[in-house]
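J.: Let the hints inform the model, and build the full structure from the sequences given.
Respectively, the protein sequence lines represent chains W and Z.
Going by the working numbering, the first sequence wraps up at 237, each residue one higher than the last.
Going by the working numbering, the second sequence wraps up at 375, each residue one higher than the last.
In short, the hints are calculated from the structure, not lab data.
Where a beta carbon is used, it is the ideal one built from N, C-alpha and C, also for glycine.
Each hint should be verified, as a subset may be incorrect.
What the hints assert, rightly or not - Derived Cβ-Cβ restraints for the label pairs, each shown as a range:
#1 W:90 to Z:297: 23 to 31 angstroms
#2 W:125 to Z:92: 57 to 65 angstroms
#3 Z:297 to W:19: 34 to 42 angstroms
To be verified - To spell it out: a stretch of chain Z is covered by chain W in this simulated footprint if at least three of its residues, at any positions, have a beta carbon under 8 angstroms from a beta carbon of chain W; those stretches are:
#4 198-209
#5 212-225
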Amino acid sequence: MAAEYAVEVEGVVKKFGSLRALDGVTLHVQSGEIYGLLGPNGSGKTTLIRALVGLVRPDSGTVTVLGKRMPDVAVLSRIGYMTQAAALYPDLSVEENVGFFAAINGTQDNVDSALDFVELGTRRRSVVAELSGGMRTRASLACALVNRPRLLLLDEPTVGVDPQLRRQLWDGFHAMADQGTTILVSSHVMDEAERADRLGLILFGRLLAEGTARQLTEQAGVQRLEDAFLKLSEVRS
Amino acid sequence: MNLHRVFAIWRRILAQFRRDRRTLALLFVVPLVILSLLYFLLRGGGSKPTVDIVNEDQGPVAGVIAQALQRGDKLDLHGTSLDTADADLKAGRADAYIYFPGDFSSRAVSGHVIQPEVHLEGSQPGASGAVVGALAQAMQSALSALPAAGPAAAQGAPFRVDVKVSYLYGGPGFDTLDYFGAAFIGLVVFFLVFVVTSVSFLRERSQGTLERLMASPLRRSEIVVGYMAGFATLALLQSVEVIVFGLYVLKIHNSGSVALIFLISLLMAISAVNLGIFLSMFARTEFQAVQFIPLVVVPQVLLSGIIFPIQTEPGWLQVVSRLLPLTYAVSGLRDVMIKGADLAWGSVQLDIAVVLGFTVLLVGAAGATLRRRVA
Chain W
1 MAAEYAVEVE GVVKKFGSLR ALDGVTLHVQ SGEIYGLLGP NGSGKTTLIR ALVGLVRPDS
61 GTVTVLGKRM PDVAVLSRIG YMTQAAALYP DLSVEENVGF FAAINGTQDN VDSALDFVEL
121 GTRRRSVVAE LSGGMRTRAS LACALVNRPR LLLLDEPTVG VDPQLRRQLW DGFHAMADQG
181 TTILVSSHVM DEAERADRLG LILFGRLLAE GTARQLTEQA GVQRLEDAFL KLSEVRS
Chain Z
1 MNLHRVFAIW RRILAQFRRD RRTLALLFVV PLVILSLLYF LLRGGGSKPT VDIVNEDQGP
61 VAGVIAQALQ RGDKLDLHGT SLDTADADLK AGRADAYIYF PGDFSSRAVS GHVIQPEVHL
121 EGSQPGASGA VVGALAQAMQ SALSALPAAG PAAAQGAPFR VDVKVSYLYG GPGFDTLDYF
181 GAAFIGLVVF FLVFVVTSVS FLRERSQGTL ERLMASPLRR SEIVVGYMAG FATLALLQSV
241 EVIVFGLYVL KIHNSGSVAL IFLISLLMAI SAVNLGIFLS MFARTEFQAV QFIPLVVVPQ
301 VLLSGIIFPI QTEPGWLQVV SRLLPLTYAV SGLRDVMIKG ADLAWGSVQL DIAVVLGFTV
361 LLVGAAGATL RRRVA
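T.: Take a look at the structure:
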């Protein structure tokens, strides 16, 4: 039963001083699912993702990822984590960056396919510092994909990416999910969130509602996801 | 030029600094600390060289010269026996001893030859020069006061002064660069490696790649050891360059093993790497990391005995000096390069052991730093 879930978060509380960054979050993501974590800036999305990779230790509650109670260093080789800002070595080429993140995961096989996935094959020898913002985001994504993760955590992955490439990336995410990769993607952009299989609305460190985009709009009795978010957050706060 | 716009810039700069307490401290506290250190170093203790006087003279002449030395007050004098003086010199308790042999007076009277022996420790050119200079001055004033010698000198048979100088370490050609060069090899490696590591580790944090490393299967220890290996490789190459240039191009005196010089330099470099990682934890920007330079480097330059011998510091400051890793590296490098010390020397064993201890301590601190960042 437990193996059905790639991510299990049970009653997680994390306080930074008097701020409750996570205030009793319970959330389950099934294997092969694309789960969209939706909320405004400062709502706790990044803290939750950092808790999933063991970088945040909850004050209470438990985090289980791919069947392992976090923190667990060994399971991290099966997780891909793309941070909010493109985290790359600016003095290295795209290929060297991707190759490095492959090497620390103990592989060197997927550098080419990761570069192809983000369509940076032709820019592989470019030094990162010379790339545009969108290309850096793609290079950063390639670094998160290169270990062929079972669970892919994407913290606002398509910020600064043009609509055409954004669609391509989402097509790629769906293809990965079809092959069994679980994807958890955070966003504050509503139309992007609608591409996820299931959504969680997060505000002030609390999960307000969960469901498909349609379920959420029906629950709120509105047409658009954005309005649903506003209405549901009024009800709870 | 619009004064309002200039004023806007002026006000913005002051407003920024008001929020940056650390920079304010750097601007207003650090100069006082550095000046105070200089005060204690330069005015604090007696920096007179310690000199043993061995007077075996059967006659009065040596006694007169010794009295003149005493009056001159340039040296810290102790009368003792030849054996004790020799032991003091070898143990580093004295900078020199001056030996007046038994026939000193009789040769002065009969042959008009003044022939004292000065045995210099030799590793500090400054002290050696002071001893020889003070002795020359004392002989000058003693000769003019000598009642027996006065008339003889007036008779046109001047004294021939023939000071026999011997060196325990170094030699007459041994100069200030030889003294400082040994220490600066350690300092240069430590300083540059520290700056480069702290800035590049801070960039690892600020560009977000550290977050990624932390979320990868890498263990903390692997990150620390990997960093150490990378920067130690650079430091090793730098040490080779510095040592080759210093020894073979600038011809800095070296009587010891080049391998030992490498060992000490490399240990300092590894300490510097880990100190850089450790301190980068306390900085958020590269600007702040650079501010650690005066804080970490300047006190070590002043207090580790590179410029001012530690023995001349006030007691409480000596305690501080003994807590600095560079103190031991400098002492070890000087022992090896100037005195030709090897691993059999107790002092070199101690220096290397302490530097190694600091290295282990800083490796631990760097590792703990990475752990603490994981909230």
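J.: Each hint should be assessed against the structure and marked as holding or not.
T.: Quick rundown of the hints versus the structure:
The supplied range of 23 to 31 angstroms is met by residue 90 of chain W and residue 297 of chain Z, whose beta-carbon atoms lie about 27 angstroms from each other. A C-beta distance of roughly 59 angstroms is found between residue 125 of chain W and residue 92 of chain Z, which places it inside the suggested range of 57 to 65 angstroms. Remark: the range hint 34 to 42 angstroms for residue 297 of chain Z to residue 19 of chain W is upheld by a beta-carbon distance near 38 angstroms. Restraint check on the region 198-209 of chain Z versus chain W: 3 residues with Cβ-Cβ distances below 8 angstroms, three needed, restraint holds.
Judged by the Cβ-Cβ criterion of 8 angstroms, the region 212-225 of chain Z is covered by chain W as claimed, because 8 of its residues qualify and three suffice.
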